[in-house]
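Take these sequences, add in the hints, and give me the full structure.
In order, the protein sequences belong to chains H and B.
Once you know that position 42 of the first sequence is 99 in our numbering, the rest is easy, because the numbers rise by one and skip nothing.
Once you know that position 335 of the second sequence is 345 in our numbering, the rest is easy, because the numbers rise by one and skip nothing.
Simulated from the structure, these hints should not be mistaken for laboratory data.
Worth double-checking, as some hints may not be accurate.
Claimed, not checked - Coverage of chain B stretches by chain H, computed from C-beta distances (three or more under 8 Å per stretch; other residues unrestricted): (1) 53-61; (2) 173-181; (3) 242-256; (4) 340-346.
For clarity, every value in this text was computed on a predicted model and none was experimentally measured.
Just so you know, even glycine gets a beta-carbon here, dropped at the ideal spot from N, CA and C.
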Amino acid sequence: MKCDRCENQATIHEVTIRAGEKVERHLCEACARKLGVSVQQPADAATPLTSLLTQFVTVQTSADSARAQAMGQVQQCPACRLTFGSFKTDGKLGCPLCYRAFESQLSSILQRAHEGGTHHSGKFPRRLARISASPDHPVSRTQPESNADADLTLLAEKARRLASLRKHLTDAVAAEQYERAAQIRDELKQLQAELAAIAREHHAQNPEDPESSA
Amino acid sequence: MTTTRGPLSPDAVQRGAHWLSGDGADSDVVISSRVRLARNLAGFPFLNRATPEQRAAILTHCRDHLMHAGLAREILWVDVHKLPQVDRTLLVERHLVSKEHARGGSGPGADWPRGLAVSIPDERLSIMINEEDHLRLQVIRSGLALSEAWSQLDAADDLAEAGLDFAFSPRFGYLTACPTNVGCALRMSVMLHLPGLKLTGEIDKLRRATKELCLAVRGYYGEGTDAAGDLFQVSNQTTLGKTEEAIRHEFEKSILPQVLEYERASRRMLLEKRRRATEDQIYRALGAMKSARLLAPEEAMTQLSLVRLGVLMGLIRGISDQTITQLLLLTQPAHLQRLLAKDLDQQRRREARADLVRERLAPAN
Numbered sequence: 058m059k060c061d062r063c064e065n066q067a068t069i070h071e072v073t074i075r076a077g078e079k080v081e082r083h084l085c086e087a088c089a090r091k092l093g094v095s096v097q098q099p100a101d102a103a104t105p106l107t108s109l110l111t112q113f114v115t116v117q118t119s120a121d122s123a124r125a126q127a128m129g130q131v132q133q134c135p136a137c138r139l140t141f142g143s144f145k146t147d148g149k150l151g152c153p154l155c156y157r158a159f160e161s162q163l164s165s166i167l168q169r170a171h172e173g174g175t176h177h178s179g180k181f182p183r184r185l186a187r188i189s190a191s192p193d194h195p196v197s198r199t200q201p202e203s204n205a206d207a208d209l210t211l212l213a214e215k216a217r218r219l220a221s222l223r224k225h226l227t228d229a230v231a232a233e234q235y236e237r238a239a240q241i242r243d244e245l246k247q248l249q250a251e252l253a254a255i256a257r258e259h260h261a262q263n264p265e266d267p268e269s270s271a
Numbered sequence: 011m012t013t014t015r016g017p018l019s020p021d022a023v024q025r026g027a028h029w030l031s032g033d034g035a036d037s038d039v040v041i042s043s044r045v046r047l048a049r050n051l052a053g054f055p056f057l058n059r060a061t062p063e064q065r066a067a068i069l070t071h072c073r074d075h076l077m078h079a080g081l082a083r084e085i086l087w088v089d090v091h092k093l094p095q096v097d098r099t100l101l102v103e104r105h106l107v108s109k110e111h112a113r114g115g116s117g118p119g120a121d122w123p124r125g126l127a128v129s130i131p132d133e134r135l136s137i138m139i140n141e142e143d144h145l146r147l148q149v150i151r152s153g154l155a156l157s158e159a160w161s162q163l164d165a166a167d168d169l170a171e172a173g174l175d176f177a178f179s180p181r182f183g184y185l186t187a188c189p190t191n192v193g194c195a196l197r198m199s200v201m202l203h204l205p206g207l208k209l210t211g212e213i214d215k216l217r218r219a220t221k222e223l224c225l226a227v228r229g230y231y232g233e234g235t236d237a238a239g240d241l242f243q244v245s246n247q248t249t250l251g252k253t254e255e256a257i258r259h260e261f262e263k264s265i266l267p268q269v270l271e272y273e274r275a276s277r278r279m280l281l282e283k284r285r286r287a288t289e290d291q292i293y294r295a296l297g298a299m300k301s302a303r304l305l306a307p308e309e310a311m312t313q314l315s316l317v318r319l320g321v322l323m324g325l326i327r328g329i330s331d332q333t334i335t336q337l338l339l340l341t342q343p344a345h346l347q348r349l350l351a352k353d354l355d356q357q358r359r360r361e362a363r364a365d366l367v368r369e370r371l372a373p374a375n
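As structure tokens, then:
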């Protein structure tokens, strides 16, 4: 079989299930590396996910550490002082703020560990806990401002609606109701556009918000 | 009022666990359904970076709220780190805490303050405090009941959140110590009894298929344990980018019906095409269990699994499959010792295990 991206023989075959649909990719080793697809032997079913994660981290960071330094990526969490190296060793972060501090390094790792998932799309807390760092306190928190709070509540509602639409879409496809599925798909697109707009607006209004670029 | 008591009452131990009662749907294959959420308090580091004072503060803060949050009619609080080892093991056997949470001896973190809040008498809702994350909330139910379990857990999470600030980011969702749990931080799992697939040798195909679907298949006591008694736990592995509803839907609608049908077809095939050999294995197992005078835990699990299959196939009469599932729990080391209310060494446990199994299986024929 040929590689999806060039004329070479495909040696990496990746099957993922996204939103209930099977997605296959067939790649040669060079293209797989370019795309960041792990070319290690598949781990045994019994391998704990943490060790898989550590493998991902190790593979990625050894190649990327020089570039990371050059790009000014943070190597230590300003709040709990955990180093990224220490995270690589045991696969555990030190505090909620580590997600913010190591965001650029974590993004691709999370995407691999979660079958391509990059953004939360589930439940939102009713009373939002927000996190921020302050130089004189190891880990401190700030109460959400009312504006941001309202935005996030709206986001939460829309996220719930999005979830329910996705479920209906799966049901409709399963029941072979394709017309209905198409309607739901259009509604989903609309909702996703609205969500993106709200998020952009929220970020523009809250430039100091620690989550604003999230 | 904060209730601080010892572990479970002798009655509860004797009764076994509610999730083994076999009164749920599809209980011929699905033993239990379990859902759990990971949560951490904002304003504190995760446990591996917390100071002893912070760990104590997290425990107190959580207990003060959870005992008044209206989570259930009665909530029992257990200071897990203060329990004798046998009681910690008892909680592990009942799936109320993880092995990690029950750690003891002189190992690292053995004396870290750790708690358990559990709804009694049903023990359906349990919350571990200071495990890998500050809170691990769990609902476990008998048979296939993921929707009911999730609804109960979702409501408990809301009640917990009413008095506790959970670390959350709109992008990454609920923030957890290990990034493999981040997002909705939900683990959904079912414990399946698959003796048919084991006997027909199809179990490895199932393992491969579930791996393709990014599910984990583990033994009775989770990661790194063997599938003793042909009991397998299947759970989702990814938590970021999927809604709770999507995870449940995928499980209940796409995956489980196929696994259930696969197991049932294997059982039918065994009866139709390999009846004599299957009967031989099942009746030998029953014979061994009704005659044994010394019984090791692995042997009990293996043979009781076959006896349960015999009951479900209609080959063995006089006892119910629930009697056997409860025996899987009651024959565990800590349960045996609490049932007899004394410490037993390994030899005495083998004797007690054989006595108990003979007594409970006496009506079987």
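Verdict on chain H covering the stretch 340-346 of chain B, where coverage means 3 or more residues with a C-beta closer than 8 Å: With 0 residues in contact (Cβ-Cβ under 8 Å with chain H), the coverage given for the stretch 340-346 of chain B is violated.
Closer than 8 Å Cβ to Cβ for three or more residues is the test here. Does the stretch 242-256 of chain B pass it with chain H? Holds, because 10 residues of the stretch 242-256 of chain B bring their Cβ atoms closer than 8 Å to Cβ atoms of chain H.
Go check the stretch 53-61 of chain B versus chain H for me, would you? Three or more residues, Cβ under 8 Å, otherwise it fails. holds (count 6)
Annotated coverage of the stretch 173-181 of chain B by chain H, confirmed only when three residues or more have a Cβ within 8 Å: holds (count 7)
Hint compliance for this structure: hint 4 is the single one not met.
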